[in-house]
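Student: Here's the letter readout for the chains.
Protein chains: 2
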Amino acid sequence: MTQAASDSEAPASPVSDFHDQHVGHRLKLRRIAIDTYRENVAYLHRECSVYRAEGFQALAKIVVSCNGERIEAVLNVVDDDKIVTPDELGLSEQAFSQLCADEGHDVRVAQAEPPASMDAVRRKIGGERLSYDDYIAITRDIADRRYSKMEMAAFLVATGQNGLDRDEVLLLTKSMLATGNRIDWNEPLVADKHCIGGIPGNRTSMLVVPIVAAHGTLIPKTSSRAITSPAGTADTMEVLARVDLLPETLDKLVRLERGCLVWGGTTSLAPVDDMLISVERPLGIDSQGQMVASILSKKLAAGATHLLLDIPVGPTAKVRHMRDAMQLRKLFEYVGDRLGLYLEVMITDGRQPVGLGIGPVLEVRDVMRVLENDPGAPTDLREKSLRLAGRIIEFDPDVRGGQGYAIAREILESGRALEKMNRIVMAQGVQEQKIELGKLTYEVCAERAGSVTHIDNFFLARIARLAGAPISKGAGVDLLKKLGDKVEQGEALYRIHAEFPSNYDFACDFVRQRTGYELGEFDKIPRGYVEF
Amino acid sequence: MTQAASDSEAPASPVSDFHDQHVGHRLKLRRIAIDTYRENVAYLHRECSVYRAEGFQALAKIVVSCNGERIEAVLNVVDDDKIVTPDELGLSEQAFSQLCADEGHDVRVAQAEPPASMDAVRRKIGGERLSYDDYIAITRDIADRRYSKMEMAAFLVATGQNGLDRDEVLLLTKSMLATGNRIDWNEPLVADKHCIGGIPGNRTSMLVVPIVAAHGTLIPKTSSRAITSPAGTADTMEVLARVDLLPETLDKLVRLERGCLVWGGTTSLAPVDDMLISVERPLGIDSQGQMVASILSKKLAAGATHLLLDIPVGPTAKVRHMRDAMQLRKLFEYVGDRLGLYLEVMITDGRQPVGLGIGPVLEVRDVMRVLENDPGAPTDLREKSLRLAGRIIEFDPDVRGGQGYAIAREILESGRALEKMNRIVMAQGVQEQKIELGKLTYEVCAERAGSVTHIDNFFLARIARLAGAPISKGAGVDLLKKLGDKVEQGEALYRIHAEFPSNYDFACDFVRQRTGYELGEFDKIPRGYVEF
Numbered sequence: 010m011t012q013a014a015s016d017s018e019a020p021a022s023p024v025s026d027f028h029d030q031h032v033g034h035r036l037k038l039r040r041i042a043i044d045t046y047r048e049n050v051a052y053l054h055r056e057c058s059v060y061r062a063e064g065f066q067a068l069a070k071i072v073v074s075c076n077g078e079r080i081e082a083v084l085n086v087v088d089d090d091k092i093v094t095p096d097e098l099g100l101s102e103q104a105f106s107q108l109c110a111d112e113g114h115d116v117r118v119a120q121a122e123p124p125a126s127m128d129a130v131r132r133k134i135g136g137e138r139l140s141y142d143d144y145i146a147i148t149r150d151i152a153d154r155r156y157s158k159m160e161m162a163a164f165l166v167a168t169g170q171n172g173l174d175r176d177e178v179l180l181l182t183k184s185m186l187a188t189g190n191r192i193d194w195n196e197p198l199v200a201d202k203h204c205i206g207g208i209p210g211n212r213t214s215m216l217v218v219p220i221v222a223a224h225g226t227l228i229p230k231t232s233s234r235a236i237t238s239p240a241g242t243a244d245t246m247e248v249l250a251r252v253d254l255l256p257e258t259l260d261k262l263v264r265l266e267r268g269c270l271v272w273g274g275t276t277s278l279a280p281v282d283d284m285l286i287s288v289e290r291p292l293g294i295d296s297q298g299q300m301v302a303s304i305l306s307k308k309l310a311a312g313a314t315h316l317l318l319d320i321p322v323g324p325t326a327k328v329r330h331m332r333d334a335m336q337l338r339k340l341f342e343y344v345g346d347r348l349g350l351y352l353e354v355m356i357t358d359g360r361q362p363v364g365l366g367i368g369p370v371l372e373v374r375d376v377m378r379v380l381e382n383d384p385g386a387p388t389d390l391r392e393k394s395l396r397l398a399g400r401i402i403e404f405d406p407d408v409r410g411g412q413g414y415a416i417a418r419e420i421l422e423s424g425r426a427l428e429k430m431n432r433i434v435m436a437q438g439v440q441e442q443k444i445e446l447g448k449l450t451y452e453v454c455a456e457r458a459g460s461v462t463h464i465d466n467f468f469l470a471r472i473a474r475l476a477g478a479p480i481s482k483g484a485g486v487d488l489l490k491k492l493g494d495k496v497e498q499g500e501a502l503y504r505i506h507a508e509f510p511s512n513y514d515f516a517c518d519f520v521r522q523r524t525g526y527e528l529g530e531f532d533k534i535p536r537g538y539v540e541f
Numbered sequence: 010m011t012q013a014a015s016d017s018e019a020p021a022s023p024v025s026d027f028h029d030q031h032v033g034h035r036l037k038l039r040r041i042a043i044d045t046y047r048e049n050v051a052y053l054h055r056e057c058s059v060y061r062a063e064g065f066q067a068l069a070k071i072v073v074s075c076n077g078e079r080i081e082a083v084l085n086v087v088d089d090d091k092i093v094t095p096d097e098l099g100l101s102e103q104a105f106s107q108l109c110a111d112e113g114h115d116v117r118v119a120q121a122e123p124p125a126s127m128d129a130v131r132r133k134i135g136g137e138r139l140s141y142d143d144y145i146a147i148t149r150d151i152a153d154r155r156y157s158k159m160e161m162a163a164f165l166v167a168t169g170q171n172g173l174d175r176d177e178v179l180l181l182t183k184s185m186l187a188t189g190n191r192i193d194w195n196e197p198l199v200a201d202k203h204c205i206g207g208i209p210g211n212r213t214s215m216l217v218v219p220i221v222a223a224h225g226t227l228i229p230k231t232s233s234r235a236i237t238s239p240a241g242t243a244d245t246m247e248v249l250a251r252v253d254l255l256p257e258t259l260d261k262l263v264r265l266e267r268g269c270l271v272w273g274g275t276t277s278l279a280p281v282d283d284m285l286i287s288v289e290r291p292l293g294i295d296s297q298g299q300m301v302a303s304i305l306s307k308k309l310a311a312g313a314t315h316l317l318l319d320i321p322v323g324p325t326a327k328v329r330h331m332r333d334a335m336q337l338r339k340l341f342e343y344v345g346d347r348l349g350l351y352l353e354v355m356i357t358d359g360r361q362p363v364g365l366g367i368g369p370v371l372e373v374r375d376v377m378r379v380l381e382n383d384p385g386a387p388t389d390l391r392e393k394s395l396r397l398a399g400r401i402i403e404f405d406p407d408v409r410g411g412q413g414y415a416i417a418r419e420i421l422e423s424g425r426a427l428e429k430m431n432r433i434v435m436a437q438g439v440q441e442q443k444i445e446l447g448k449l450t451y452e453v454c455a456e457r458a459g460s461v462t463h464i465d466n467f468f469l470a471r472i473a474r475l476a477g478a479p480i481s482k483g484a485g486v487d488l489l490k491k492l493g494d495k496v497e498q499g500e501a502l503y504r505i506h507a508e509f510p511s512n513y514d515f516a517c518d519f520v521r522q523r524t525g526y527e528l529g530e531f532d533k534i535p536r537g538y539v540e541f
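Protein chains in written order, with our numbering: chain A, 10 to 541; chain B, 10 to 541.
Looking at chain A on its own, in the form it has when it is part of the complex:
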C-alpha cells in the first residue's frame, strides 16, 4: 500500500544498505508527559520512517535502546506533530525514567520478541508443573518489564486457583525473592507482621509497631497503600508523618527507634510482586498460592526473620471458613519453614470492621485514642493489637512464653507506646499539612429496632471508597454501632464523611438501597469464628 509507493526509493544495491539501515533506525528521544502507570508506552509518528519500514503494528511491543540500556514498551501510533514528530520517539513518564537518558538523545528501536519465558506460561496453561528455572525465567522477564499486562494476566490465571501445588508455591516465592533486592539488618531477630486483609479499619500495625519497638524488638514495618480497600497502613500513617523515605534515612531511623511505619513502594524489594498485584487486583482474581508467594517474598526481601500473620475469618472477610484459614495457614507454614522464616499464624475475628473509623483520618483517630489510653478508644482494636504485639514480643528469646500480652499492655498503659509513636512520627517527618475529617456528613439510620447481627465488611469498605478514601484522607465511614449493639428505629448506624461534593453524593446514593447492617434478635448474632 503506502509502503509500496516508496519502493523506487530503495537503493538498488544491497551492499550500501547496511549503513542506511542504521541511520534509519535512529530517532531522537522525547519525554511525553503521560502517566501510563506500570506500563511502558512508546509513541511513534505514523510518518516515521522506522514505523513504516518495520511494519510495526499498533500495540506491538518494541525495544528501545540507548547507551547500552534497553527497555520494552507498547507502541502507540501518533498522528500529531505536537506530540511527537516523525524524527522522534516519545516515551511515557515510566518508560522515560526507566531508560535513564536525556531528551534529544539518539535512541534505536526494533520490534520486540515475545519474552522467551512465555513458553513456560503456555506449558502451565497446558497443565504442566514448572521447574525452578521456569519460575526464575518468568519472574526475571517480569522484573525486566518484558511482560505486557496481558501476559501477566495469562500467567496469573494459569497459576491461579489450583494451578500451583505447594512445592511450586515455594519455587515461585524463591524466584520472586531472587529477582529483587533483599535487606539485611544484621540482627538475629527482625520482626514483622502482616494481615491478609479484607477487614476495614483494623489499623493494628500502627499500635503493634510502637509497642514492639518500645520493647526493643526490631520491627521495620513497610506497608502498602490501598489498592482496592479504603485505606492501607501507609495511607493512614501519612496523616501523621511522611512515609516515603530514602533507604539511608530509613536505615538510620530504624536503628535508632527499633521500628518504623513506612510505605514499601519506594524500595525495590520484590518488584515482581508489585507488578503482578497491579494486574491481579483489577482482575479481582487471587489464589492462595499467589497470596502466599506474594506476602512471603515481600517480607523476606524486607529482611524479616520472624513473621506474625493475621488471618481474619468471617462471612464477609477474605477468608470465610475456618477450614480455608487452616489450609492457608498450612501453606504459609510449609513455604515459610523452607525459606528459614520463623512464622506464626493468628486466626482472628473477621466478622466486622476492627475499630470504629474506616478511612485514613478516622483510623488515625482510633489509633491515637488507644495510644492515649482514652476511655472512648475502641476496645476491639486495642485488644487485638495487644494480642498481636504480645505474640511478637514473645519472639524475643528472653521473654517467657505467655508473658507477651502483659508486657504489651504494660507498654501501652504506661504511655511508652505513645511516646515511641511520637518519636517515630518525628523521625519520619511530621506531616505538615493539617489533614482534617471531611466536613460533608450523612448519617445512615436503622429502619427498625433490634440488635446488630451482621455488618458487611465489603459494603462498608465500598462506601468509604466512594466517599473518597484513601486519596481523600478525611473521607470515610464512622461506625456508631457494632455487632451486638442495640439500636432504636431511626437511630444512626454510621456516619459518612466526605471532603468533596461529588464523592459525598456517590456515597449517599450508594446507601439508599441498603445499609450493610442487619438487625435482629440478639441471639442471632453469629458466634465468634475464633477464640483467642
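Check before you lean on any hint, since a few could be wrong.
Listed below are the simulated DSBU-like cross-link pairs for lysine-lysine, each with C-alpha atoms no more than 30 angstroms apart in a straight line [to be verified]:
no.: 1; chain 1: A; residue 1: K91; chain 2: B; residue 2: K91
no.: 2; chain 1: A; residue 1: K490; chain 2: A; residue 2: K443
no.: 3; chain 1: B; residue 1: K37; chain 2: A; residue 2: K91
If you want the ones that stay clear, here's a sample from chain A, every Cβ over 12 angstroms from chain B, calculated [said to hold, decoys possible]:
no.: 4; residue: E177
no.: 5; residue: L350
no.: 6; residue: G459
None of these hints come from the bench; they were simulated from the model. For glycine and all other residues, C-beta sits at the position ideal for the given N, C-alpha and C.
Fit chain B to the given chain A structure using the hints.
Tutor: Relative to the frame of chain A, chain B by itself:
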C-alpha cells in the same frame, strides 16, 4: 495530601452540592491523535478537578458519556497542557470515534465498575462449567468494550486448553454469533471455505472463489489480514483490487458476480472474535475450542450455509498429528451440526508451503499463473485448489457426487475462472498503485547436495515477515526447491525479496544460522500425511 489542601473550599452545606457535582463532572471533549489500536484510552490532566476529586488511579477504567452514548476507556494521566488542559477530556482515536461526538462537546466521566460478567470468568478460572447466560453476558460485555486486554486474557486462558467441553464450545459460538450482526443472503446455498492456517503461501481462496463463482454457487468470501503470518488473503488480494468495500457495494457485487474476495474487518460481524484474536495472537495461546468458536461464529455471521474446512497436517503445521486433526474435525462437526451449518472437513498435506511464493506479490504471481494455465504454475497450489473447489461445487444439489473436481478443472482450463477473477477485480475496484516485487534480493543456497526432505513452515513464514511482508507487499520468499527436489551443493533453495534495506538486513541476518531446509536421501522424505 494535595486533596486535603482544598478541603476548606468544599461547601459547608451538603444541600448545594448536588449542583456543584454536576458542574465538576463536565469536561470538554478533545480528540487525541494517538492510535491505541483496539484499546480505548482516555487522557485526563493531573490537575483536572474530576481526577483529583474522584481519586481515579492511572490505568483505572472510566466511563465517558455524552448524548446518551457511553464508552469505557483506560485512564492515562497527563502533565502537559499541550496534550489536554485541566478542563478537557482527551480520547484516543478509537475511543473518540466510538463515542460519536464532536470535539468541544461536554462529556461526563465517572469511575467504571468492572464488567459484571467477570464474575463468571472467575468461576471459570475456578473450574466451573458456565451457562449460556454466562457466555452471553461475557460476549456482550466484550462487544461493548467493557473488557480490558487483561480481562480478555484472563477469559482466554481460563477457557483455553481443556477449559471448554464441546457443549460449552457450542454455547460460546452461539453467544458470539448473538452479539454481532448477521448477514442473510436470502439464498438456500451460500458457500464458504476456511483454512485453519499455519501454511505459508497456500493462497487457495483466490482460486477457489473464481472457480466456484463461475459455476454459479454463491461464495461471498471475507478474509482476514495477516496477524502473525506473512500474508492473509485480504493482504494478497489487495495487490490486485480494493478489499475494503462498503456493505451496499459488497452486496450488489456478490449478487452480480456470485463471489468476492474482501477483507472481513470492515463489517461488524462477530466483533467479539476480532477482539479476542487481538489478545490471543500476541499471547501465542490458542485452543481447539476457541478456534472452532471463532471460525464458526464468523462464518455463520457472514451468512454461510455450507462450509468447507481445510485442516493442513504436517510436522511444522498448526496441527501436527492426524489424531489431533480428527479430534478437531469432530469438534467442528459437533458445533456446526447444532447450528444448522452444512460442514465438511478436508485434511490436507501441510508438510511444506503450498505454491512457490510467500508474501502478497509473490502469491499473486502464483495465483495468476494457475488462472492463466501457465505451464510454470505451481502444481500443488493448482491441484489443492481444484480439489477444494470441487468439493464446494458438490454442495450444489444438481451436481452428482464425485463430479465436482472435473467441473472445477473444466472451469479453470477453459479460462472461465480467469475471466471471473478479472470481473471480481474490476467490480471490487482495480488497485491503482502498481505494486512490484521487492528489488533487494538474497539467495539462500544449499550447503551440501541431496534431496529436500523437510521444509520448516514457521521458519519460512518468519523470514518473509522479517523481509517486510505483509505490510511491505513486495517482500517475501520465493521457493526454488520443494520437498523431494534434488539439489546440488551451492544451488539456491529460495530467494528473499525485500523493498526496504532495514527489512532486507533483518531477513538476511536471520538465515545466517540455518536455512529451514533439510537435505538427505530421497527415501527419507516423510510420507504424505494425507491421502486425497
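Student: Look at each hint and say if it fits the structure.
Tutor: Here's how the hints hold up against the structure:
1. For the given pair, K91 (chain A) sits about 8 angstroms from K91 (chain B) by alpha-carbon distance, which is consistent with the 30 angstroms threshold.
2. This hinted pair checks out: K490 (chain A) and K443 (chain A) have alpha carbons roughly 28 angstroms apart, not beyond 30 angstroms.
3. For the hint pairing K37 (chain B) with K91 (chain A), the CA-to-CA distance comes to about 20 angstroms; that is within 30 angstroms, so the pair holds.
4. With a least CB separation of 17 angstroms from chain B, E177 (chain A) remains clear of the 12 angstroms interface cut-off, as annotated.
5. Listed as outside the interface, L350 (chain A) is consistent with that label: its C-beta sits roughly 29 angstroms from the nearest C-beta of chain B, beyond the 12 angstroms cut-off.
6. Here G459 (chain A) stays apart from chain B, with its beta-carbon at least about 28 angstroms from theirs, past the 12 angstroms limit.
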